[in-house]
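2 protein chains.
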Amino acid sequence: MTGREVQLVTYPRGEVRPSDFRVVEVEVREPGPGEVLVRNTWTSVDAALRLRLRDKAPAGYFAAFPLEAPMDGIFTVGEIVESRADGFEPGDTVWHAAGWRDYAVVEAGMPALGGVATLTKLDLEVAPAQAYLGVLGGNGLTAYAGLFRIAALREGDVVWVSAAAGAVGSLVGQMAKIRGHRVIGSAGSDEKVAYLLGELGLDDAFNYRSGPLPELLRAAAPDGIDVYFDNVGGGHLEAALDALRDSGRVAVCGTISEYDADDPPPGPRNLFMVVAKNLTIRGFRGSSNVDLLPEMTREVGAWLREGRLRYRETIVEGLEHAPEALAGLMRGDNTGKMLVRI
Amino acid sequence: MTGREVQLVTYPRGEVRPSDFRVVEVEVREPGPGEVLVRNTWTSVDAALRLRLRDKAPAGYFAAFPLEAPMDGIFTVGEIVESRADGFEPGDTVWHAAGWRDYAVVEAGMPALGGVATLTKLDLEVAPAQAYLGVLGGNGLTAYAGLFRIAALREGDVVWVSAAAGAVGSLVGQMAKIRGHRVIGSAGSDEKVAYLLGELGLDDAFNYRSGPLPELLRAAAPDGIDVYFDNVGGGHLEAALDALRDSGRVAVCGTISEYDADDPPPGPRNLFMVVAKNLTIRGFRGSSNVDLLPEMTREVGAWLREGRLRYRETIVEGLEHAPEALAGLMRGDNTGKMLVRI
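Quick note, the sequences are listed as chains E and G, same order. Note that the numbering used here has the first sequence beginning at 1, numbered continuously upward. Note that the numbering used here has the second sequence beginning at 1, numbered continuously upward.
Same shape as in the complex, but just chain E (with noise of 0.2 Å):
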């Protein structure tokens, strides 16, 4: 049997590009012992993938991506065809880690993207599978862990979310309402302000394009922030460091505005507010917070039902477009998670 899968086959400068990758056919060998076949259904698209789409991966993080091979470690849904692992069943529908592929042969048990995409059962009662790779799956982990435990969020916080319009972002700014906070949100058009304002809920939102980033940050927090939760690094961090009270917090999820660039910009000038103000900038991925994930999934399992969270989806269709869901993504074309539908 053959199966198509998406392979890179020049890391891109700056701008991803679609003509970065190509799409081939590949033999889908047989599952040995322990294993599973999947025909995957969603694979997911996130920003973070661009961190490894170098010859050299950040310290520290997830490994590059190979050229001309199947790129391993991306968050995907999909349904057991052949299993000849204790537990599975074919029809099972399943997350794991091996997306942007028609096909996937799955070792259970083996740990994958910090032990978060594991081979794992979905409980389609709760949400259709593709929320397993947002609100239920790594975007709900991460808003939950960024949020509660590494801002580790107090009575009373003023929070700013950037890129709030986001898989993450959209997350955060509804966990932190349901909690009673304050929630300012920003992201880069109108509509996506609109979507903040009507749809979510926050108090505040502003479209960071539309003028000096400080101006709109104090309209929006005319009193300061107490805790501010990075997607976007650069002058974002830098007008939060200025806008954050006293003992305020960062939790730094990504940076994405800095993810094209060859060499990394410089850090913000007002690094010393940190000491002025005795603020805490933390980072985090995720993944390193996998002990969360049955807090969260239950949390969030709730919300849902409850009706007091929710998502959106930007959804591509055909695992042949998943550079360009990429690309797109990067842009900020989508709302809520990018999805390829394969």
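Keep in mind that the hints were calculated from the coordinates and are not lab data. Please note that the accuracy of each hint is not assured.
When chains are identical, the list treats them as one kind, so a pair holds in a single copy or across two.
In silico lysine to any residue, SDA-like type, Cα no more than 20 Å apart, as pairs [stated by the list, open to error]:
1) Lys56 <-> Glu258
2) Lys56 <-> Pro214
3) Lys56 <-> Asn270
4) Lys56 <-> Arg269
5) Lys56 <-> Lys177
6) Lys121 <-> Glu306
7) Lys56 <-> Ala276
8) Lys56 <-> Glu320
9) Lys121 <-> Glu89
10) Lys177 <-> Ala85
11) Lys177 <-> Phe62
12) Lys56 <-> Asp246
13) Lys56 <-> Glu238
14) Lys56 <-> Arg298
15) Lys177 <-> Arg298
Dock chain G against chain E, hints included.
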């Protein structure tokens, strides 16, 4: 009665020069009810003062010093000459925050320097008066809070401290050694390195001027570090972010390499390491941790009595030379605490 006081006459651009200051003879008023008159004997010289020699101090920090006026908020010890405050008698040795002058009228109970330098009687059986400006005062508190609270030192952590021969750094290194850690210190001269390895007993030390910092650090900590106590900022912080292992922590105490700059320099280019390696950068001021003062005094007092903690002083004689002492401190002339004997 009159006495001398040091006043700032111009905000220095770049390096501090003694000509930025003047010494004037001023009237000393009688203490009112609740006040004491103190003859100052020792006054503190701290790198952090440089941050206040600006027309605008960093937001959230202690206020800038006004020109041609007393410089309020500098840690000092002295002897009470006259008391109109309950609990204070002539002859008592005290600390307070009205330094860089011969005489001060101080209101008992008035919070100063975040509560650290509120008028307090000193126990001279534990240590001589001037030790309360260093090891048993703000420097001791800063080292103690930074290491044990802010960096949250954990068993087995490998620690790097910069400016390790300075007033704070020399305490940080020793405290971490007392708690059983492997400690690497860096300083700006071979003499200081000898002091770190010899008298302070650090495990490794290097002169950061003797080669490329990342290589020097790698040689001293080939397997990386877990905690970086930052007194320097700039390239030192950048090197630390590269060397830190997963879940590592930076306690940012100060960034002396940046204090002379008219415009703050950009931050490190590798700030993304906080995400990749789940790092925490936490800034702090010793004075924001004044609740730890009794615990620090008890612990440090015991370590001094047991001979486990040592400290050095670099003494400049004469109030009129306080500005030169500060200029010398910024150049790194001191080992241990820089003091002016009035």
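Classify it for me, Lys56 with Arg269: is the Cα-Cα distance of at most 20 Å met within a copy, between copies, both or neither? For Lys56 and Arg269, only the inter-copy Cα distance (16 Å) is at most 20 Å; the intra-copy one is 27 Å.
Homo-oligomer pair classification [Arg298, Lys56; C-alpha up to 20 Å]: Answer is neither; intra-copy 37 Å and inter-copy 50 Å both fail.
20 Å Cα threshold - placement of Arg298 relative to Lys177: within (18 Å within a copy, 44 Å between copies)
Same-copy or cross-copy closeness of Lys121 to Glu306 [CA-CA at most 20 Å]: Intra 23 Å, inter 60 Å, cutoff 20 Å: neither.
At most 20 Å between CA atoms: does that hold for Lys56 and Lys177 within a copy, between copies, both, or neither? neither (39 Å within a copy, 37 Å between copies)
With identical chains, the pair Lys56 and Ala276 could be close in the same copy or across copies; at 20 Å between alpha carbons, which is it: within, between, both, or neither? between (36 Å within a copy, 13 Å between copies)
My question is about Lys56 and Asn270: at a cut-off of 20 Å on alpha-carbon distance, are they close within one copy, between copies, both, or neither? between (29 Å within a copy, 14 Å between copies)
Homomeric proximity label, Lys121 with Glu89: Cα distance no greater than 20 Å: Answer is within: at 10 Å inside a copy they meet the 20 Å cutoff, but 76 Å across does not.
Indicate which option fits the pair Lys56, Glu320 if close means a Cα-Cα distance not exceeding 20 Å: within, between, both or neither. neither (25 Å within a copy, 57 Å between copies)
Intra- versus inter-copy proximity for Glu258 and Lys56 (alpha-carbon distance at most 20 Å): The answer is within: 16 Å in one copy meets 20 Å, while 31 Å across copies does not.
Reference check for the pair Lys177 and Ala85, CA-CA at most 20 Å: within, between, both, or neither? For Lys177 and Ala85, neither the intra-copy (42 Å) nor the inter-copy (51 Å) Cα distance is at most 20 Å.
Checking an output row: Lys177 and Phe62, CA cutoff 20 Å. Within, between, both or neither? Neither way: Lys177 and Phe62 sit 32 Å apart in one copy and 34 Å across, limit 20 Å.
In summary, the numbered hints that this structure violates are 5, 6, 8, 10, 11, 14.
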